[in-house]
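On the provided structure of chain A, position chain B as indicated by the hints.
Going down the list, the sequences are from chains A and B.
So in the working numbering, the last spot in the first sequence is 615, and the numbers never skip.
So in the working numbering, the last spot in the second sequence is 316, and the numbers never skip.
Do not rely on the hints blindly, as some may be mistaken.
Some but not every residue of chain B turned toward chain A, in silico, with C-beta under 8 Å [as the list claims (entries may be wrong)]:
id	residue
1	A53
2	P87
3	T92
4	S160
5	V161
6	A168
7	I256
8	G286
Using C-beta positions, here's what the derived DEER-type ranges look like [said to hold, decoys possible]:
id	chain 1	residue 1	chain 2	residue 2	range
9	A	D453	B	P241	53 to 61 Å
10	A	S554	B	I72	51 to 59 Å
11	B	A144	A	L467	51 to 59 Å
12	A	S471	B	G119	44 to 52 Å
13	B	P241	A	D272	43 to 51 Å
14	A	S232	B	S70	32 to 40 Å
15	B	T92	A	G597	40 to 48 Å
16	A	T596	B	L69	55 to 63 Å
These aren't lab readings, by the way, just hints derived from the structure by calculation.
Every value quoted in this text rests on a predicted model; they were computed, and no experiment measured them.
Positions of the beta carbon are idealized from the N, C-alpha and C atoms, including for glycine.
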Amino acid sequence: MKKRITAVILILALACSCVLPGCVTADPAPENAGRKAITVAVSSDTGSMDPAGSIALTYLAYSVSALDELLTFDEEGEIDYRAAESYEVNEDSTEWTFHLREDARWSDGTPVTAADFLNTITRALDPASGSGYANYLFPIENAEAIYNGEAEPDSLGVEASDDYTLVFHLAEPCVYFLDLLRLPVYTPSCAKYADSAESGWDRDPGTSLANGPFRLEKYVPDQYFILEKNEYYWNADAVKLDRITYRFFDDTQAMANAYEAGEVDVATSLSSTVMEMYEGQEDLFVTDLIATRYIYMNLNVEPLDDVRVREAVNLAINREDLCTIVGSDTEPAYNLVAKYMKDRNTGGYFVDEAEQPFEENVERARELLAEAGYPDGEGFPELTYKYPTLEMDSVTAQVVQEQLKNNLGITIRLEAQELQANYSSRHAGDFDLCRMNWTADFADPYTYLSMLMSNSTYNCSGICDPQYDELVAQSGSESDPAARADLMHRAEQLAVGEQFYIIPLYAMKSVNLVNPEVTGIRQIPASGSLEYRYADIG
Amino acid sequence: MARYTCRRILTGLLSLFVLITVTFFLVRIIPGSPFQRGGVSESVVEAIEQEYGLNEPLFTQYLSYIGGVLHGDLGISYQDPAVRVTEVIARAWPVTASVGAAALIVSLILGTGLGILSAVSGRRSVKQVISAGGMIAAGIPGFAAAILLMLVFSVKLKLLPASGLLSPVHYILPVAALSLYPAAMVSRLVSSTLETELTKDYVLFARAKGLGRRQVIFTHALKNAYLPVINYIGPASASLLTGSFVVESIFTIPGLGREFVGSITNRDYTLILGLTVFMGAVVILVNLITDLLCAWLDPKTRRAYREERA
Numbered sequence: 078m079k080k081r082i083t084a085v086i087l088i089l090a091l092a093c094s095c096v097l098p099g100c101v102t103a104d105p106a107p108e109n110a111g112r113k114a115i116t117v118a119v120s121s122d123t124g125s126m127d128p129a130g131s132i133a134l135t136y137l138a139y140s141v142s143a144l145d146e147l148l149t150f151d152e153e154g155e156i157d158y159r160a161a162e163s164y165e166v167n168e169d170s171t172e173w174t175f176h177l178r179e180d181a182r183w184s185d186g187t188p189v190t191a192a193d194f195l196n197t198i199t200r201a202l203d204p205a206s207g208s209g210y211a212n213y214l215f216p217i218e219n220a221e222a223i224y225n226g227e228a229e230p231d232s233l234g235v236e237a238s239d240d241y242t243l244v245f246h247l248a249e250p251c252v253y254f255l256d257l258l259r260l261p262v263y264t265p266s267c268a269k270y271a272d273s274a275e276s277g278w279d280r281d282p283g284t285s286l287a288n289g290p291f292r293l294e295k296y297v298p299d300q301y302f303i304l305e306k307n308e309y310y311w312n313a314d315a316v317k318l319d320r321i322t323y324r325f326f327d328d329t330q331a332m333a334n335a336y337e338a339g340e341v342d343v344a345t346s347l348s349s350t351v352m353e354m355y356e357g358q359e360d361l362f363v364t365d366l367i368a369t370r371y372i373y374m375n376l377n378v379e380p381l382d383d384v385r386v387r388e389a390v391n392l393a394i395n396r397e398d399l400c401t402i403v404g405s406d407t408e409p410a411y412n413l414v415a416k417y418m419k420d421r422n423t424g425g426y427f428v429d430e431a432e433q434p435f436e437e438n439v440e441r442a443r444e445l446l447a448e449a450g451y452p453d454g455e456g457f458p459e460l461t462y463k464y465p466t467l468e469m470d471s472v473t474a475q476v477v478q479e480q481l482k483n484n485l486g487i488t489i490r491l492e493a494q495e496l497q498a499n500y501s502s503r504h505a506g507d508f509d510l511c512r513m514n515w516t517a518d519f520a521d522p523y524t525y526l527s528m529l530m531s532n533s534t535y536n537c538s539g540i541c542d543p544q545y546d547e548l549v550a551q552s553g554s555e556s557d558p559a560a561r562a563d564l565m566h567r568a569e570q571l572a573v574g575e576q577f578y579i580i581p582l583y584a585m586k587s588v589n590l591v592n593p594e595v596t597g598i599r600q601i602p603a604s605g606s607l608e609y610r611y612a613d614i615g
Numbered sequence: 007m008a009r010y011t012c013r014r015i016l017t018g019l020l021s022l023f024v025l026i027t028v029t030f031f032l033v034r035i036i037p038g039s040p041f042q043r044g045g046v047s048e049s050v051v052e053a054i055e056q057e058y059g060l061n062e063p064l065f066t067q068y069l070s071y072i073g074g075v076l077h078g079d080l081g082i083s084y085q086d087p088a089v090r091v092t093e094v095i096a097r098a099w100p101v102t103a104s105v106g107a108a109a110l111i112v113s114l115i116l117g118t119g120l121g122i123l124s125a126v127s128g129r130r131s132v133k134q135v136i137s138a139g140g141m142i143a144a145g146i147p148g149f150a151a152a153i154l155l156m157l158v159f160s161v162k163l164k165l166l167p168a169s170g171l172l173s174p175v176h177y178i179l180p181v182a183a184l185s186l187y188p189a190a191m192v193s194r195l196v197s198s199t200l201e202t203e204l205t206k207d208y209v210l211f212a213r214a215k216g217l218g219r220r221q222v223i224f225t226h227a228l229k230n231a232y233l234p235v236i237n238y239i240g241p242a243s244a245s246l247l248t249g250s251f252v253v254e255s256i257f258t259i260p261g262l263g264r265e266f267v268g269s270i271t272n273r274d275y276t277l278i279l280g281l282t283v284f285m286g287a288v289v290i291l292v293n294l295i296t297d298l299l300c301a302w303l304d305p306k307t308r309r310a311y312r313e314e315r316a
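Okay, chain A solo, but in the shape it has when bound (with noise of 0.2 Å):
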């Protein structure tokens, strides 16, 4: 009897065994022979792919490949026509006529016209598409008031005159209005099918129209996502893969290791431990991305509210030691504009065009403390940083902390913090300082300087300085290049290198690994992220 419960057992326990994997492995791995392939390993699946709904990782691979905007800028600064053949502007800078390609086709077919711009824009202003976007249509006349219930949808300053002309009226003049056509709100999403974030059409191939150079072929939740090439692409003789298969990772490790096991052929945003093991090999591929790596000194906290503290502390602190020790993906930073972010109008880096903020001085940074009444630290109350969790964060804080012992004498309480509590305290004020990253939304110093205006939402450290607002208020509607970038650059002089608002530490690199057969990848000005629409391989 008990031999034949066992035996019953086992065999159904096999039995499992034997047809689980079976339903399981119903998605076989991608078929790729003979064909322009490449395989990217991307961070893991989140967010949806619909511009206008709430957007994470997965939108922005997704969207590099298969949607065109209206118009980007190249690596020099000039106009890249995409889904617009030109443009025009009044003279204040509050009039934006698009006029878009006629030959523009989505992956069905059927003409791209202005109401499918329309479209994305729309939703994005309805809270219910989650959209994380949507502030940045507040320039548009009536947006904000639309987003929050206060005016109709129709009295928004967007207006299709024909199926190929779009006209955009804005609030109040925005000089760089142009940077802010890529960001996922202002891209097109077909009205024919884009209806709304709950159907799902935008991880469906029938529905999930493309009118870039790749279109979405598969989609399986967590693994992986298939683009084809869009024959219905208007420059699609430029284009060169025949398909671009996207992996999911949970962790760098895991990337790095497939990338070495040959599953990938191009893994991004690794370790800087990796830029160790592949020195001096053709698979390496650092870039320089858009993004600075800062602290937060809120300004209700004593002593912080004293200029001459905060001044001794962005003094006292060694970014070269900081970086040495952090990482080689690393570069010291004296700016809160991102180290390499490039003033279009010269060519340049706009950081380097004016004079470094600030220079390190650990004996002046002493005498600094001393007048502020706390000669070495002396009756210097203990000051709490709060930082992620992450590895780099967390080195960086003991480098910080051990150096203001050192030079000052003052003693920091380091509370590391899971990343979403972390944005959390940060967002609520409650910290004495705090940890902050920011990777630039679109290719203008404003990104930045906008940040620390007292009515920034991003402004978490209690900055209220009227002279900065009206200086970064005056470059949003300064239409002079010149005079424009000589507004920022005193904005930024005031911010960082006068009021030491902030304590900047270091700007930061991306370590990939690319199969060197792989040519033709680009970077994205804007962010510093990776481009595979005219790749090729072989």
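What follows is chain B alone, placed relative to chain A:
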């Protein structure tokens, strides 16, 4: 027995209810919001939260959630409103369960085989090798084993795939990493209990009766030696079937464990709760089955239930 079973089921449901309640409030205590990412402005987060009813009193939200659960509705994922939580479970669980079931079978077969070998082998060296191997296997944490296996077999030797679950070959490394520990445990349990059983009188009697050594081991002694294994394998299979967070992340397996970690990082409240409820139900169910199975197999336990009833 029926009454006992009913009582166990009711206790199980009660535990599930407590689990939902505790998780619901604990998750809300963690700072953060499902819509908060590095670059999203605060006013936008607030507008979206209001749209999803996250600004209502917590208790109201709790009641509506419980109402939904009673109707079998676990809600939508906040990360991706196009996906229902039940769909995520339906997609991820078969993956996890297939890897877990394979690991369970491998560890049972391997563990039992090695356990018997160690118990009946006359040679000391065999015993020592098996016991040392078991110690090492039980001592290496799952994630370390996973990384080691991957480095050796995929990265260096390039024999097996390093990531994903695209073909049956992809199962080898994760299953090996997952079955290491349970196999070692089963082997130790089988070997020690079998050795004790083999010294008992009924074994001597069976041998005296003229039964072969092999027959005595397999039909008589092993059956008795297996009871502690079932007691161990019950909870172990519950944990294998609900997924290993670490091993799934290392091998990029699209299973429950990976979903769970992702949902917590993203503060996807409904997904965290849905997965907790589901995993809790699996654990409770598997433990119930184990208990019933033991009662069924072991006359001593069975008698205890009868007496309790009387």
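We went through each hint and held it up to the structure:
no.	hint	in the structure
1	A53	4 Å, holds
2	P87	5 Å, holds
3	T92	14 Å, violated
4	S160	4 Å, holds
5	V161	5 Å, holds
6	A168	4 Å, holds
7	I256	6 Å, holds
8	G286	22 Å, violated
9	D453(A) / P241(B): 53 to 61 Å	59 Å, holds
10	S554(A) / I72(B): 51 to 59 Å	53 Å, holds
11	A144(B) / L467(A): 51 to 59 Å	32 Å, violated
12	S471(A) / G119(B): 44 to 52 Å	45 Å, holds
13	P241(B) / D272(A): 43 to 51 Å	47 Å, holds
14	S232(A) / S70(B): 32 to 40 Å	34 Å, holds
15	T92(B) / G597(A): 40 to 48 Å	43 Å, holds
16	T596(A) / L69(B): 55 to 63 Å	59 Å, holds
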